[in-house]
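Trainee: Given chain R, put chain L in place with the hints provided.
These protein sequences, in sequence, are chains R and L.
According to my numbering, the residues represented by the first sequence are 412 to 757, in order.
According to my numbering, the residues represented by the second sequence are 165 to 410, in order.
Don't read these hints as lab results, they were simulated from the structure.
All C-beta atoms, glycine included, are put in the ideal place defined by N, C-alpha and C.
In silico contact screen, one side only, chain L against chain R (beta carbon under 7 Å); selected entries:
{"no.": "1", "residue": "174"}
{"no.": "2", "residue": "177"}
{"no.": "3", "residue": "199"}
{"no.": "4", "residue": "222"}
{"no.": "5", "residue": "246"}
{"no.": "6", "residue": "265"}
Computed footprint of chain L on chain R, listed as stretches where at least three residues anywhere in the stretch have a Cβ under 8 Å from a Cβ of chain L:
{"no.": "7", "stretch": "584 to 592"}
{"no.": "8", "stretch": "631 to 642"}
{"no.": "9", "stretch": "673 to 680"}
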Amino acid sequence: MALFWLWGLFWLLMITTAVQDALRNPAISWWEPVLWEGTSALAASCWLLLAMRARERYAQYLERPLIWFGHHLRWLPLIVPTFIVAVYAVRHGVYGLAGRPYPHPPWLWVFIYETLKLVLFASLWLGILFGFDSYAQWQSQRRRLLEVQKALSEAQLARLQGQLRPHFFFNALNTISALMHVDVARADRLVAGLGDLLHISLRSGEQEMTPLREELRSLELYAQIMQERFRDRVTLNWYADPAILDTPVPALLLQPLLENAFRHGVERSTVAVHIDVTARAEGHSLSVVVSNTGSSLAADYREGVGLRNCRERLSIIYGAGAALRVQDEGGAVAARVLIPLAGGKR
Amino acid sequence: MIRVLIADDEAPARGKLERWVAEQPDMQVAGYAEDGLAAAQGIEQLHPDVALLDIQMPGLSGLEVAAQLEESSAPLIVFVTAFDEHAVKAFELNAVDYLLKPYDKDRLLRALQRVRERLGGGEGRSAAVAMARAQTASSERLLVPDGERLQLIDTTSIEWLEADDNYVHVHTAARRYLLRRTLQDLLLQLGGERFVRIHKSAAVNLSAIAALTPLFKGDYEIELRNGRGLRLSRRYRDVLFARMGR
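Next comes chain R alone, as it looks inside the complex (with noise of 0.2 Å):
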């Protein structure tokens, strides 16, 4: 819009200009200035709308300007000749019905003359085209830029939260503040225990794999602290092939599953509950399975947010390679992770 503005007031000031300078020119009258600046004036507006229809299609090449100027400007060895057809045909129309003729150079030289104006004029105007759509490009790019950044930390935001539920704190905290009435070593050895876990979770925004001797450390320190909670209610089993330690996971990857084996089976049962966890090589594939009694899996049983995340994030770091399931086993919910031994498709 602001480019129409520009280009009416430039044609604008030629046309006023010529006048003026014909008011001054006894052997010329004032409409034949209107007429030279005028035919020009209509000429070009018909190339600017061709230019401005296929600005849409050029603007991929706006970062690399000459690419950009060469296929707007490749097009002039078509318009140059066309324009000053167009133009003089109309000027020497109108003053043959003035009855008079038109006085101009020889056509060579109105040829050479024109041409070396026309490439300077669209010069010009591409110029300032370039400038509005590589502004407006950088604009919405900005804009573009900031929507993934703010979507990309509420996504990170969202697995961090994810990770460890604002419940899990305000409880641990809650059993802390009333061991340190009983027991100040065990509640010590507790908020030891929270902050390590509150500097995984916190990392693990960052560093995304972790090998898996930290993730079954990360995923002891969260059972201390249930099992503090719950004492005489669970009993933990864990087993892990030496020989796979130091596979790499992803970090916090298999919290999710200790959490559901806890909110399920311990916190909805009022019998003791077993919970095992167990980390073996099966074929290509490193096998980590979490089971607790004390539940089993509704007929409408649908995943939550934790286990989806969980999913999600198998499926991006590893394609079709690793695979997560959930399902009953014996009197227990197992909840059982395949992740490929080679490491990950990146």
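Mentor: Just chain L now, kept in the frame of chain R:
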């Protein structure tokens, strides 16, 4: 003495509440509960003046326990919870007492002081019960005594309710339960969707009705699907007809 029941499924959390409640010269811990059913049972048997109810408990949540109490005879309830934005909003809205974990001694003492101030009036208890009913599906499940224990039954299995002084007989196809509640309070909990009063001391499950036969003076005879006959008083006739779409 103000008698306090403590219900939390976590031993350390129970210990923490006990430590400070027992310190109060005018208070005494009447009992503990480690899950929701035990809490309901404790309230039923021990009649505490105050119940400190953790929300997250196995079996029945603290809110579900409160929803099953009679409004007028319920103890004063203080809900205890770690993180439950939804419930906390409801507590605030209905001026129901609650304690957020983790809390310190000061905060617990303030809550206990509020309890002392409220013990005289009745609105505190009914607000907590009414709010808990609104927050849970208390019209779907009813807590009934089964011998020494309490159990939950599906309210769709109830055919009709029969008042007997301050008790209500709950009739299901299989058997009969005796509840120490007023019929009016029970109907408040079960809501008007499923149950409608048919005379001063009875209400019926709409879906248990098989047929209606007019009697004298505008009364009707209701025949239930199991063949049993009940009298519909003309005072309650229009409400029942409207509910049945006649």
